Amino acid sequence: MNKNGKIGIFDSGIGGVTVMRELMKVLPKENYYYYSDSKNNPYGDKTEEEIKKLCDNIVQYLIQQDCKMIVIACNTASAKAATFLRQKYPKINIVAIEPAYKMVYDYAYDKPTLVMATKGTIESEKFNLLLEKYDNHKTFLIPCVGLADRIEKGDLEQINEYLKAIIGNYKNKVENVVLGCTHYPLIEQEIEKVLGKVNFFNGAPNLAKHLKTILEQKNLLKDGEGKVEFEDSQGLLEKKIRFFEILENIGGTRSEIQK
Numbered sequence: 006m007n008k009n010g011k012i013g014i015f016d017s018g019i020g021g022v023t024v025m026r027e028l029m030k031v032l033p034k035e036n037y038y039y040y041s042d043s044k045n046n047p048y049g050d051k052t053e054e055e056i057k058k059l060c061d062n063i064v065q066y067l068i069q070q071d072c073k074m075i076v077i078a079c080n081t082a083s084a085k086a087a088t089f090l091r092q093k094y095p096k097i098n099i100v101a102i103e104p105a106y107k108m109v110y111d112y113a114y115d116k117p118t119l120v121m122a123t124k125g126t127i128e129s130e131k132f133n134l135l136l137e138k139y140d141n142h143k144t145f146l147i148p149c150v151g152l153a154d155r156i157e158k159g160d161l162e163q164i165n166e167y168l169k170a171i172i173g174n175y176k177n178k179v180e181n182v183v184l185g186c187t188h189y190p191l192i193e194q195e196i197e198k199v200l201g202k203v204n205f206f207n208g209a210p211n212l213a214k215h216l217k218t219i220l221e222q223k224n225l226l227k228d229g230e231g232k233v234e235f236e237d238s239q240g241l242l243e244k245k246i247r248f249f250e251i252l253e254n255i256g257g258t259r260s261e262i263q264k
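Under the numbering used here, the letters of the sequence shown match residues 6 to 264, in that order.
Some hints could be false.
As the list claims (entries may be wrong) - Simulated pairs of lysine-lysine, DSBU-like, Cα-Cα distance not exceeding 35 angstroms:
| # | residue 1 | residue 2 |
| --- | --- | --- |
| 1 | Lys143 | Lys245 |
| 2 | Lys93 | Lys202 |
| 3 | Lys178 | Lys245 |
What the hints assert, rightly or not - Pairwise CB distance ranges, derived in the manner of DEER restraints:
| # | residue 1 | residue 2 | range |
| --- | --- | --- | --- |
| 4 | Lys223 | Gly159 | 33 to 39 angstroms |
| 5 | Tyr112 | Ile255 | 21 to 27 angstroms |
| 6 | Gln163 | Asp50 | 46 to 52 angstroms |
| 7 | Gly240 | Pro33 | 17 to 23 angstroms |
None of these hints come from the bench; they were simulated from the model. What you are looking at is a predicted structure, and each value in this text was computed from that prediction instead of being measured. Where a beta carbon is used, it is the ideal one built from N, C-alpha and C, also for glycine.
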């Protein structure tokens with residue numbers, strides 16, 4: 006496999022930029038190819054079979070783009086399709102984001118916890134097995150239907166109104182918040198305005214460390230300068246512009262991100 010091959014990342018939109026940020030922190034020299042499937046956004050209200058088919062098509066496409074690793078940066082896609090994809094493509098390294106509920110068990114087990122995720126993630130077998138294994142019996146599950154879409158559009162007024170309506174009753178009642186969708190770290194400040202000071206947990210930092218370990222073990226770490234490429238399934242220029250704006254604003258580690 007080519008060391009200079011790309012790390013392919015896909016999400017139902019641009020929310021996976023929060024995963025990209027963590028990858029760039031630990032793997033700054035890699036080439037990245039980000040695929041935003043806005044044409045089929047959101048994934049959270051689709052059936053498992055629909056999600057598998059969408060993800061399968063994307064993985065095939067990313068393989069054609071010379072991707073040496075593929076990252077599923079969507080919790081719903083991870084929960085519904087990761088096992089299927091790994092079985093279908095055993096020679097391709099596929100790493101998937103997961104809700105960081107185990108981190109609550111490891112670091113703040115006895116604290117009241119709010120899990121914010123899509124309906125598809127919360128109802129998935131994968132998440133429920135995780136919950137059953139690490140349940141602190143002080144956990145509230147909130148299916149945030151439509152929140153990722155609001156974040157995708159970037160309308161803060163709509164986002165704030167939505168958050169007040171759906172999590173306002175938990176103000177000063179929870180200490181941990183599990184961000185079970187890669188879009189949600191983009192609105193941590195807005196969430197804290199509603200809930201008060203909380204500890205956030207998301208799976209992206211651990212995923213980035215895991216990916217680096219795999220690349221080291223397989224001798225696939227790239228040297229030299231890397232670049233970031235972006236593609237949207239509808240060819241929307243505004244998605245590309247917003248993606249790179251967000252990436253730079255939230256801490257892209259390079260002095261200049263090549264577009």
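Hints, one by one, checked against the model:
Only pairs whose Cα atoms come within 35 angstroms are accepted, and lysine 143 paired with lysine 245 is rejected, the gap being roughly 40 angstroms. Restraint check for lysine 93 and lysine 202: not satisfied, since their Cα atoms lie roughly 43 angstroms apart, outside the 35 angstroms limit. The hinted pair formed by lysine 178 and lysine 245 fails the criterion: a straight-line CA distance of about 38 angstroms is larger than 35 angstroms. Distance hint check for lysine 223 and glycine 159: the Cβ-Cβ separation is about 38 angstroms, which falls inside the suggested range of 33 to 39 angstroms.
The supplied range of 21 to 27 angstroms is met by tyrosine 112 and isoleucine 255, whose beta-carbon atoms lie about 23 angstroms from each other. A hinted range of 46 to 52 angstroms is violated for the C-beta pair glutamine 163 and aspartate 50, which are about 18 angstroms apart. For the pair glycine 240 and proline 33, the beta carbons lie near 28 angstroms from each other, so the given range of 17 to 23 angstroms is not met.
Checked against the numbered hints given earlier, the structure breaks hints 1, 2, 3, 6 and 7 and satisfies all the rest.
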